[in-house]
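A.B. asks: This is what each chain is made of:
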Amino acid sequence: MSELPGDLLYTKDHEWLRREDDGSVTIGITDHAATALGDLVYVELPEVEQDVETQGEMAVVESVKAASDVYAPIAGTVAAVNDDLADDPEKINAEPYGDGWIVRLTPSEDIDESELMSPDAYQQLLDELDD
Amino acid sequence: MGSKTPLYDNHVEAGARIVDFGGWDMPLHYGSQKEEHHAVRRHAGMFDVSHMTIVDLGGERVSEFLRYLVANDVAKLKDYGKALYTCMLNPDGGVIDDLIIYFIADTGYRLIVNAATREKDLKWIREQAGAFDVDVLERAELAMLAVQGPEARELAAPCIDGEWRDAAMALKPFNGLQAGNVFVARTGYTGEDGWEIVMPAANAGKTWDRLLAAGVTPCGLGARDTLRLEAAMNLYGSDMDETVSPLEAGLGWTIAWEPDDRDFIGRAPLEALRNSPDRQRFVGLLLEDKGVLRNHQKVVVEGVGDGEITSGGFSPTIGRSIALARVPAGDYDRARVEVRGKLLNVRIVKTPFVRNGQIRIDA
Numbered sequence: 001m002s003e004l005p006g007d008l009l010y011t012k013d014h015e016w017l018r019r020e021d022d023g024s025v026t027i028g029i030t031d032h033a034a035t036a037l038g039d040l041v042y043v044e045l046p047e048v049e050q051d052v053e054t055q056g057e058m059a060v061v062e063s064v065k066a067a068s069d070v071y072a073p074i075a076g077t078v079a080a081v082n083d084d085l086a087d088d089p090e091k092i093n094a095e096p097y098g099d100g101w102i103v104r105l106t107p108s109e110d111i112d113e114s115e116l117m118s119p120d121a122y123q124q125l126l127d128e129l130d131d
Numbered sequence: 132m133g134s135k136t137p138l139y140d141n142h143v144e145a146g147a148r149i150v151d152f153g154g155w156d157m158p159l160h161y162g163s164q165k166e167e168h169h170a171v172r173r174h175a176g177m178f179d180v181s182h183m184t185i186v187d188l189g190g191e192r193v194s195e196f197l198r199y200l201v202a203n204d205v206a207k208l209k210d211y212g213k214a215l216y217t218c219m220l221n222p223d224g225g226v227i228d229d230l231i232i233y234f235i236a237d238t239g240y241r242l243i244v245n246a247a248t249r250e251k252d253l254k255w256i257r258e259q260a261g262a263f264d265v266d267v268l269e270r271a272e273l274a275m276l277a278v279q280g281p282e283a284r285e286l287a288a289p290c291i292d293g294e295w296r297d298a299a300m301a302l303k304p305f306n307g308l309q310a311g312n313v314f315v316a317r318t319g320y321t322g323e324d325g326w327e328i329v330m331p332a333a334n335a336g337k338t339w340d341r342l343l344a345a346g347v348t349p350c351g352l353g354a355r356d357t358l359r360l361e362a363a364m365n366l367y368g369s370d371m372d373e374t375v376s377p378l379e380a381g382l383g384w385t386i387a388w389e390p391d392d393r394d395f396i397g398r399a400p401l402e403a404l405r406n407s408p409d410r411q412r413f414v415g416l417l418l419e420d421k422g423v424l425r426n427h428q429k430v431v432v433e434g435v436g437d438g439e440i441t442s443g444g445f446s447p448t449i450g451r452s453i454a455l456a457r458v459p460a461g462d463y464d465r466a467r468v469e470v471r472g473k474l475l476n477v478r479i480v481k482t483p484f485v486r487n488g489q490i491r492i493d494a
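As you go down the protein sequences, you meet chains A and B in turn. With the working numbering, the residue at position 121 of the first sequence is 121, and numbering never jumps. If you count the second sequence from 1, you need to add 131 to reach the working numbering.
It is worth saying that the hints were derived from the structure and are not from the lab. Please read these numbers as outputs of a predicted model, since none were measured by experiment. Positions of the beta carbon are idealized from the N, C-alpha and C atoms, including for glycine. Hints should not be assumed to be uniformly reliable.
Here are some, though not all, of the chain A residues that point toward chain B, as calculated from beta-carbon distances under 10 angstroms [claimed, not checked]:
no.	residue
1	Val-41
2	Glu-62
3	Asp-84
4	Ala-86
5	Glu-90
6	Tyr-97
In silico DSS-like links for lysine-lysine, alpha-carbon gap of 25 angstroms or less [what the hints assert, rightly or not]:
no.	chain 1	residue 1	chain 2	residue 2
7	A	Lys-65	B	Lys-135
8	B	Lys-303	B	Lys-207
9	B	Lys-429	A	Lys-65
10	B	Lys-473	B	Lys-421
11	B	Lys-135	B	Lys-251
12	B	Lys-303	B	Lys-209
13	B	Lys-254	B	Lys-135
14	B	Lys-135	B	Lys-337
15	B	Lys-481	B	Lys-421
16	B	Lys-421	A	Lys-65
17	B	Lys-473	B	Lys-429
18	B	Lys-209	A	Lys-65
Using the sequences and the hints given, assemble the complete structure.
C.D. replies: Structure (structure tokens):
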């Protein structure tokens, strides 16, 4: 099992968030999620400037096996989407925390970190799933 | 915990992700489903199919029994070892299961039926067999490996006893032979050349290790599904079931109408449907837009009606999404599929999508 990046926040839905210097938040799915889905073959991305609500459907990732919704962990406006995924969805499998990012949001309100998980807390969740 | 095949430990050792499949703990993949898929199209892969149910039938009237039990006609089988693909129907013409029948001897045939339908199949076969004095013997002690791909037979040949090796290599498609204590047949479920090898459970691990050492890629149920979909081979429970006749599942070619006085179970309702203008079509779809077609999505044919995808997914060989679908009667070659509220464009294509490593449709 690879080590979780320490500078990210996580959700129980196996997504990660990174707070950027400009105030935006980059979002992707974790290595655990990508591995569970298997080889990704298609990603449906939202429109830039689209508003999303907390827990609203934001994107869909499809593997050879199944389609899975990606929910917005915070409310905001889509600032950017990772267009490279259109031709190369497997970037999510290869680099889930890097080139495999999915959406960048401009948060519409202060982020409530108590709703999110630290790397340690997320690691604990993964350990429990393994049992 | 489900049932385990004799190769369960080998799967775990090879890094398999294990899932439940009809009560069996089976490998879904060993890391990458796509890589396993490509290995079979380009080189050779192996699948543990020991969960499938092997049933040997014996008796003086066994041919007569099978000519009544299934929709295809075992009288077509002239040479020992020859295989026949067929459906076993209920009295309404619905498919109880699809199976392969091997002609072993004048008084003996081997049936290979699906794992998920094992109980109902055995019950049905035994119920019908009584009147024909046919013995029904399940061979749960046997293991089965499918070795598939352009290099499969060559790499698997050393697993056959020297005495039988040349004869095994000389087998024509859809033929098998008993080679010592293994039964080898040139059959499969991938659209590639290869063998399916039935052997005593005690031999399975050794054979697996030998194939692994020879460079044959272990492949899970995931790759098995994308390979069979590309080859447009039906999956029981998805493409057909007891409510669907073979005529509406693309399996009309497996029904032996001649001789017309052969009375097989389900014949009368099939005759009625045979020339019906309202009979649904069973077609291949190629997605022209981006996205992935999935089972149960609605197919919309403008001005005609709606149908349904019975097997949909991503084709690793073509790099686009394909599907099998049951759609309304009519003459048309385009349709749309509802995916998350949007209508995506699909083209109806002649199947198979892929055969022997080659894309067979205009992609």
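A.B. asks: For a quick check of understanding: which of the numbered hints are violated here, in increasing order?
C.D. replies: 3, 6 and 18
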